[in-house]
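S.K.: Chains A and B, in that order, are what the protein sequence lines are.
Just so you know, we're using the working numbering here: the first sequence kicks off at 1 and counts up by one.
Just so you know, we're using the working numbering here: the second sequence kicks off at 1 and counts up by one.
Among these hints, one or two may not hold up.
Said to hold, decoys possible - Just so you have them, the derived chain B footprint on chain A, three or more residues with Cβ under 8 Å: (1) 50 to 63; (2) 79 to 92; (3) 116 to 126; (4) 129 to 137; (5) 158 to 166.
Think of the hints as simulated: they come from the structure by calculation, not from any bench.
Please read all numbers here as calculations on a predicted model, not as lab measurements.
Positions of the beta carbon are idealized from the N, C-alpha and C atoms, including for glycine.
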Amino acid sequence: MAWTTDEICKIAAEKELKDGFYVNLGIGIPTNVANFIPSHIKVLLHSENGMLGMGPFPFAGEEDPDLINAGKQTITALPESSYFDSANSFVMIRGAHLDLTILGALQVSERGDLANWTIPRKMVKGMGGAMDLVANLKRVVVLMDHVAKDGSPKLLKKCSFPLTGIACVKRVITDLAIMDIDNNGMHLVELAPGVTLDEIQAKTEASFSVYTNSSL
Amino acid sequence: MVKIFNNAHEALSDILCDGLTIMAGGFGLCGIPENSIKEIYNSDKKDLTVISNNCGIDGFGLGILLEKRQIKKMLSSYVGENKLFEQQYLNKEIEIEFNPQGTLAERIRAGGAGIAGFYTKTGVGTIVAEGKEHKVFNGETYILETGLLADLAIIKAQKADKAGNIIFNKTARNFSPIMATAAKVTVVEVEEIVEIGELDPDHIHTPGIFVHRLFKGNFEKRIERVTNREKK
Numbered sequence: 001m002a003w004t005t006d007e008i009c010k011i012a013a014e015k016e017l018k019d020g021f022y023v024n025l026g027i028g029i030p031t032n033v034a035n036f037i038p039s040h041i042k043v044l045l046h047s048e049n050g051m052l053g054m055g056p057f058p059f060a061g062e063e064d065p066d067l068i069n070a071g072k073q074t075i076t077a078l079p080e081s082s083y084f085d086s087a088n089s090f091v092m093i094r095g096a097h098l099d100l101t102i103l104g105a106l107q108v109s110e111r112g113d114l115a116n117w118t119i120p121r122k123m124v125k126g127m128g129g130a131m132d133l134v135a136n137l138k139r140v141v142v143l144m145d146h147v148a149k150d151g152s153p154k155l156l157k158k159c160s161f162p163l164t165g166i167a168c169v170k171r172v173i174t175d176l177a178i179m180d181i182d183n184n185g186m187h188l189v190e191l192a193p194g195v196t197l198d199e200i201q202a203k204t205e206a207s208f209s210v211y212t213n214s215s216l
Numbered sequence: 001m002v003k004i005f006n007n008a009h010e011a012l013s014d015i016l017c018d019g020l021t022i023m024a025g026g027f028g029l030c031g032i033p034e035n036s037i038k039e040i041y042n043s044d045k046k047d048l049t050v051i052s053n054n055c056g057i058d059g060f061g062l063g064i065l066l067e068k069r070q071i072k073k074m075l076s077s078y079v080g081e082n083k084l085f086e087q088q089y090l091n092k093e094i095e096i097e098f099n100p101q102g103t104l105a106e107r108i109r110a111g112g113a114g115i116a117g118f119y120t121k122t123g124v125g126t127i128v129a130e131g132k133e134h135k136v137f138n139g140e141t142y143i144l145e146t147g148l149l150a151d152l153a154i155i156k157a158q159k160a161d162k163a164g165n166i167i168f169n170k171t172a173r174n175f176s177p178i179m180a181t182a183a184k185v186t187v188v189e190v191e192e193i194v195e196i197g198e199l200d201p202d203h204i205h206t207p208g209i210f211v212h213r214l215f216k217g218n219f220e221k222r223i224e225r226v227t228n229r230e231k232k
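Bound-form chain A, shown alone:
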């Protein structure tokens, strides 16, 4: 049985977040990782529009138009929060002061190239802060469905969409498996319950090795 979106976020939170980490969560599914931060650790969330220490969404009627996240959603502050301008926000990113970013993706290649900002002739939105995050942070983790809505693979030999960054993704957590990427290529390290190696092979264009020291 494949992992649900919530389960993917829970796995990401438990495996990737460490006490004292400063973390940037991308727009969309990765935002939900915040709901699964283990209670015994303290993590501060960075929002690239100029905030560290993002709090939860406000209760109805308590929204502040001057307090939003990078996805333009209303949020709240915490006692330890701080605000800053966009230049300083990206000093934290470009200077690799943040420990980790967790992002969504359209495609990931077997050497860790990421495409997540545009589909030619179909989607014109822009890259926002994603290129800065993936080019400069040491750890980039992607959460996505294993295949696209039309069933085509998203883990590819080479991305066909315009790139966000090259050789930057270190781990991909999909609804079917966890894949790690290092200088030697892509490696299958964990399967979702009931998912077989055959299914992953059928739904993955990228070449990958299978780690023997995993739970397979």
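Could you slot chain B onto chain A? The hints should help.
M.R.: Chain B only, in chain A's frame:
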């Protein structure tokens, strides 16, 4: 020294003309200079180059300048949530130069600081790097990005004193402090103007040297995505 005006029309009417390059503060609809944007809309000036992280939404913020096709070119990092923009872009009626958000911020900071260019790893291997100088430092590849300057910066802050020192509120700060440094004329609209001496000098975000014109505006402060949690 800062000059204080009664409204956006008085603060902007002698500056606005066709072909201006304008920096506009704000992130999404948060911290946008609503009054100056409306004044530009009313002025009917066109062929504008606008440098702003986003382009508002349909019918609000910078989005209204699309209605009369006043913008020739945008420099932005993200223009989703705007159907009119997408339509004009696909019809080739508007040009866009996508900049990674941090590169956009640093280009503005550099421009205001008198720095002609800087090298960054952001965008290496992507279309952003095409045509740009590449240079290797300590075994890693960087690309050259240039500083940005504008004719006019339109900025919204929460509070100013009569010396032009300004304070922003929460995440409404975003690009505004750096844009204030990078334009020939910086026009700031605020919710409140107080007497000199009422602001703690330690709490000033942007010193008055960067603020040329100031007025008190009226703000709708629309929220783009109201998102709530359930009361338990």
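S.K.: Please go over all the hints and tell whether each is borne out by the structure.
M.R.: Hint by hint, here is what the structure shows:
For the stretch 50 to 63 of chain A, the stated coverage by chain B is satisfied: 8 residues place a CB nearer than 8 Å to a CB of that chain, which reaches the threshold of 3. For a cut-off of 8 Å, the count of residues in the stretch 79 to 92 of chain A with a CB near a CB of chain B stands at 7, and the three-residue condition holds. For a cut-off of 8 Å, the count of residues in the stretch 116 to 126 of chain A with a CB near a CB of chain B stands at 3, and the three-residue condition holds. Given a C-beta distance limit of less than 8 Å, the hint that chain B covers the stretch 129 to 137 of chain A holds, as 6 residues qualify and 3 suffice.
Against chain B, the stretch 158 to 166 of chain A contributes 5 residues with a C-beta closer than 8 Å to a partner C-beta. That satisfies the three-residue criterion, and the hint holds.
Every hint from the earlier list agrees with this structure, and none is contradicted.
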